[in-house]
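Each chain is listed here by its residues.
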Amino acid sequence: MAQLTNSRRATTTLLKPISAALFSTRHLSTETMTVETSLPFIPHNIDHPPSQTVETTPQELLAFFRDMAVMRRMEIAADTLYKSRLIRGFCHLYDGQEAVAVGMEAATTRKDAIITAYRDHCLYLTRGGTLFEAFSELMGRKDGCSKGKGGSMHFYNKPERFYGGHGIVGAQVPLGCGLAFAQKYSKEDNVTFVLYGDGASNQGQLFEALNMAALWTLPAILVCENNKYGMGTAGWRASKSSTYYKKGDYVPGLKVDGMDALAVKQACKFAKDHALKNGPIILEMDTYRYHGHSMSDPGSTYRTRDEISGIRQERDPIERIRKVILSHNLATEKELKDTEKEARKEVDEAVAKAKDSPWPDPSELFTNVYVKDLGLEVFGVDRKKIRTVLP
Amino acid sequence: MATLIMQGMGLATGFSSAHYKIAHPGSCRTLPVKHVKQFTSNVSLFFVLSVYESNFSERRVSFFVIRSDGSLPSGLNGDKSRRGGLTTNAVSTKQEKAAASTASNPGHELLLFEALREGLEEEMDRDPNVCVMGEDVGHYGGSYKVTKGLASKYGDLRVLDTPIAENSFTGMAIGAAMTGLRPIVEGMNMGFLLLAFNQISNNCGMLHYTSGGQFKIPVVIRGPGGVGKQLGAEHSQRLESYFQSIPGIQMVACSTPYNAKGLMKAAIRSDNPVILFEHVLLYNLKERIPDEEYVLNLEEAEMVRKGEHATILTYSRMRYHVMQAAKTLVNKGYDPEVIDIRSLKPFDLHTIGNSVKKTHRVLIVEECMRTGGIGASLTASINENFHDYLDAPILCLSSQDVPTPYAGVLEEWTVVQPAQIVAAFEQFCR
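From first to last, the protein sequence lines are chains A and B.
Using my numbering, the final residue of the first sequence is 391, and nothing's skipped along the way.
Using my numbering, the final residue of the second sequence is 430, and nothing's skipped along the way.
Be careful, since some hints might not be right.
[What the hints assert, rightly or not] Chain B is faced by these chain A residues, among others (derived, beta-carbon under 10 Å):
hint: 1; residue: G148
hint: 2; residue: H154
hint: 3; residue: A180
hint: 4; residue: A182
hint: 5; residue: K184
hint: 6; residue: G310
hint: 7; residue: K372
Derived by calculation from the structure, the hints in this document are not laboratory data.
The structure displayed is predicted, hence computed values, not measured ones.
C-beta atoms are modelled at their ideal positions from N, C-alpha and C, and glycine is treated no differently.
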């Protein structure tokens, strides 16, 4: 099963043979090195923002590169599948924003909870999801992570504490504060990352939830993935104040360069320490999405192609990491290209396997409505024949 | 989990007629003393006896399947030989001891809100994951005193005073439930939960399904609703009609202290999201309830009065209007069968079906509005399933399709009154 490398776990077993051999000839060490992020962190109500010097290891950097390459390929494959009508409905793609997912995962443990909205494919991968399950779910097959009943907007992974996957804008923020509440209630030393977008930042329930989180010092970290557009509406046309990290008022905030995985990692680490002691904090990730809001949105009616290609040239997260790796001589150009090819192969294999996965059984229509409590019979449309018993 | 729930309509409900007395001329049956339970002291015997013979004493299964044709699946036989062996009553005393215990330990008397509190407290003692959140539930003690004293006992985190933000604290409760806590959300008035409709519908009801069964949401959402005494339009709403289509939730309505406590406990123990509808005017009802622990079945209806002429289906406050009307009807010589449906989603078609097959006439009395209310769904359900057994079209008495006015006279006219029930029944049974 294709899974992402995570510098926290043993990565050597997951690397494919070819590049594993290549990488092992190099001194792929875990000794720390430091990298400077290019942009500073802008604080709000914080006395000592995190420093721009990030500690990392070569292994971690290569893992970042590989994971982001897999994510990028996955989203592009999803694009192709959607256009060939194998994925239906709504499909919101994350390419361009991969750095947020990998950076966050590098700073957290699997005991921390993550909850996000509908742009959840890549976060599902970082949280232990497999490509096969993701593609099966996208195509509505029964091997999908939600048995084909959820779809693109409903990816969940309970054992790894990934709470989804929500279609209604902003509704996941109170849920996320609830997760933080449960963590405080059970006296766990973990935090919850609650992701939302710049469009959702104007939802009332966000401020309600923020108030409660601050009131009860819940370990909730609200992460605003500011990709500059709420579907077709630019941020400045929807919000009076576009400084999302300041919107919490009394809640401290930090503005982070969301296209730099190392900056994201540093900020998330800082936020985690802060939240465990002082309650909620808002992180604004300055990021960008290359695709439109969803596959139904061309993404070019409200922004220029120059803007998109400009960002691709100057701020692309994968290119950033590639430059860092090459400048520190951690791998050669060819090795990185091979990694990308590998990623492509993995994704293609997963897609092929998912295409062969069967459709869900019709009886699955009635399963999981309730939890094993009722013995109700459900009649078909003609109301004569008993169709099934609700489990 | 269902094995924990003991079924117990019959006798206890006959017992709950403590606040009214109906002189019933005929069909007084005698039963051996051993069947008489302990709280018959202040209740006419015939209720107890007549109820015991009811059909659902056959239903003693660990879960039950509601079949429209009334038959039970194999393995759950309804033959008479089983009746003696198992306890049908929710009270856990054994039948052999019943005779001896008539004199001792007759239960304790309390008001409905106290019964709710008792149920809540017992469950919070039993399971540390149970917590309450709502407006003014903690230090204030609850606007209807249901959570009085709990905050000082369990602490501020377990009995959480929330700001006035229904949408988000309901969402918070659901998020907490996703991790394994069992929160109880109190809406100060059910009408305020309209603000949380998105959370209740999408997240509460559907998360179990859209996650492919990964998350269960064992949340209880409760609060008082219904038409009160001149509370005005916005505070007199009946939300059961709005929530009834949401897949994945269960809805129950309590009407007596006995079933309030039992349903509260069952709702908390259930792994499904349950909405418990209380009524503003019923909080001060007094009744004697058993000392022993009991849990009621969430999906079961309550037989309030057995009869032969026609079935009256009702729930919550309308039960009392119906019983008042029944008094008059009995005096006039009619014999109504009254069922408190209790479970608003799903309907207990087993009990209802058996009743329809016996009486062949159904009158529904509800507090919801005519359009799209529980009565409308119940009418459709009964028509679909039991059409052949009906001698007459189902008559549904509901509130008028108007916002509840403030003026007392007008408010009286919005809701169904006993006189109207009597008139409708008489016309029905002609």
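Hint by hint, here is what the structure shows:
1. G148: Status holds, d = 8 Å.
2. H154: holds (4 Å)
3. A180: A180 of chain A check passes; min Cβ-Cβ to chain B is 8 Å, inside 10 Å.
4. A182: Holds, about 4 Å.
5. K184: holds (7 Å)
6. G310: violated (38 Å)
7. K372: holds (7 Å)
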